[in-house]
Amino acid sequence: MSESFLRESWQRVAEQEQEVTPEMRDLELYFDIRERSDGNEKIKAIMDRLDHDIAQYTEALFRSEREWVRRERGSGDNSSIEASDRNRRILHDSLIDTLNQLSRAYRTAGLDNKWRNMLGLDRDRLALWAMTIARQVMRTEEPLS
Amino acid sequence: MTTQELRDLCLTDSRLKPSWLNLWDAMLAVAEVRTRVAFAKHAKKLPEPIDESELVRLMKRFHSQRSTFIDAARQNNISTKPPTLDELIEIAT
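Protein chains in written order, with my numbering: chain A, 1 to 145; chain B, 1001 to 1093.
These aren't lab readings, by the way, just hints derived from the structure by calculation.
Worth double-checking, as some hints may not be accurate.
Capping the alpha-carbon separation at 25 Å, the derived lysine-lysine pairs in DSS-like fashion look like this [what the hints assert, rightly or not]: (1) A:Lys42 / B:Lys1044; (2) B:Lys1041 / B:Lys1060; (3) B:Lys1081 / B:Lys1060; (4) A:Lys42 / B:Lys1041; (5) B:Lys1041 / A:Lys44; (6) B:Lys1060 / B:Lys1017; (7) B:Lys1044 / A:Lys44; (8) A:Lys44 / A:Lys114; (9) A:Lys114 / A:Lys42; (10) B:Lys1017 / B:Lys1081.
Pulled a few chain A residues facing chain B out of the computed Cβ check, cut under 10 Å [as the list claims (entries may be wrong)]: (11) Asp51; (12) Ala55; (13) Gln56; (14) Leu61; (15) Arg70; (16) Glu72; (17) Met131; (18) Arg135; (19) Val137; (20) Glu141; (21) Glu142.
Note that CB positions come from ideal geometry on N, CA and C, so glycine has one too.
If we strip away everything but chain B, and leave its shape as in the complex, we get:
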């Protein structure tokens, strides 16, 4: 199952949708801050030290939500590998 297929399935399955939305939201929060940090580095314009602690905190939340989602999927007999952050960002963009 591709990540896109997994997303489509989760959005139509009421047993999986809540944990999927939590995972999706956690990914979006990481992606927003990661974009800011990555482009600041890309521009080599660092007017103030980048605070990456927020990114670390959001990544922990993402991993936690991913574990919860995978547990929910297994309980509902859905066999899937844990989607990576980049796979989720790919389908979000």
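One chain only, chain A, in its complex shape:
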């Protein structure tokens, strides 16, 4: 599915909404970064890695939650949950590292990287941003329900 289709499908939803929501702003920021990375091979490679990191982090989040379900059913244990959470934190760190590399690559290429300040440093905020992107990619690329 083309990048423009992904953006267009989101814009159709956005146009139907009365107000600009935080989720819309997050997606706009993502699409802006992604579009502007297209003309530079080095930046594009980092952008692709960011997408990969978002996917990995999202999968880890779902796996952690499944560990919690196992414990609630009485079949899991705390060490499995801790291991799962540790893995998720490592992937979260990796995602943030990639974002910072992307920001530096933008600056080196003379491109506006104010988006990095807009995203901020708060880990929870960055995780929510990543989840918003993941949900949009799922809805668009693999619309199951």
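Following the hints, complete the assembly by docking chain B onto the known chain A.
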């Protein structure tokens, strides 16, 4: 009742909790594989054919668990529409 409110209710009601956990786990299993498939398509990097049969199998399990959950809710006089996969993913993330 919102999906979030439904979740909160089910986690505190021992009659609904088992079927809710089964539904929740089925959703998470779908979501994990769906993330992998969706991002592979998004990246247009398909080094090997994506095996979507696993996703189809997990979706069948999700729908089955959702039916079981809705039956349990009705038996306990809880009136709710069946939560969709995307609604559940929304509150999980």
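Status of the hints after comparison with the structure:
{"no.": "1", "hint": "A:Lys42 / B:Lys1044", "in the structure": "holds, 18 Å"}
{"no.": "2", "hint": "B:Lys1041 / B:Lys1060", "in the structure": "holds, 22 Å"}
{"no.": "3", "hint": "B:Lys1081 / B:Lys1060", "in the structure": "holds, 19 Å"}
{"no.": "4", "hint": "A:Lys42 / B:Lys1041", "in the structure": "holds, 21 Å"}
{"no.": "5", "hint": "B:Lys1041 / A:Lys44", "in the structure": "holds, 17 Å"}
{"no.": "6", "hint": "B:Lys1060 / B:Lys1017", "in the structure": "holds, 21 Å"}
{"no.": "7", "hint": "B:Lys1044 / A:Lys44", "in the structure": "holds, 13 Å"}
{"no.": "8", "hint": "A:Lys44 / A:Lys114", "in the structure": "holds, 18 Å"}
{"no.": "9", "hint": "A:Lys114 / A:Lys42", "in the structure": "holds, 19 Å"}
{"no.": "10", "hint": "B:Lys1017 / B:Lys1081", "in the structure": "holds, 17 Å"}
{"no.": "11", "hint": "Asp51", "in the structure": "holds, 6 Å"}
{"no.": "12", "hint": "Ala55", "in the structure": "holds, 4 Å"}
{"no.": "13", "hint": "Gln56", "in the structure": "holds, 9 Å"}
{"no.": "14", "hint": "Leu61", "in the structure": "holds, 7 Å"}
{"no.": "15", "hint": "Arg70", "in the structure": "holds, 8 Å"}
{"no.": "16", "hint": "Glu72", "in the structure": "holds, 6 Å"}
{"no.": "17", "hint": "Met131", "in the structure": "holds, 4 Å"}
{"no.": "18", "hint": "Arg135", "in the structure": "holds, 6 Å"}
{"no.": "19", "hint": "Val137", "in the structure": "holds, 5 Å"}
{"no.": "20", "hint": "Glu141", "in the structure": "holds, 4 Å"}
{"no.": "21", "hint": "Glu142", "in the structure": "holds, 4 Å"}
Taken one by one, the earlier hints all hold for this structure without exception.
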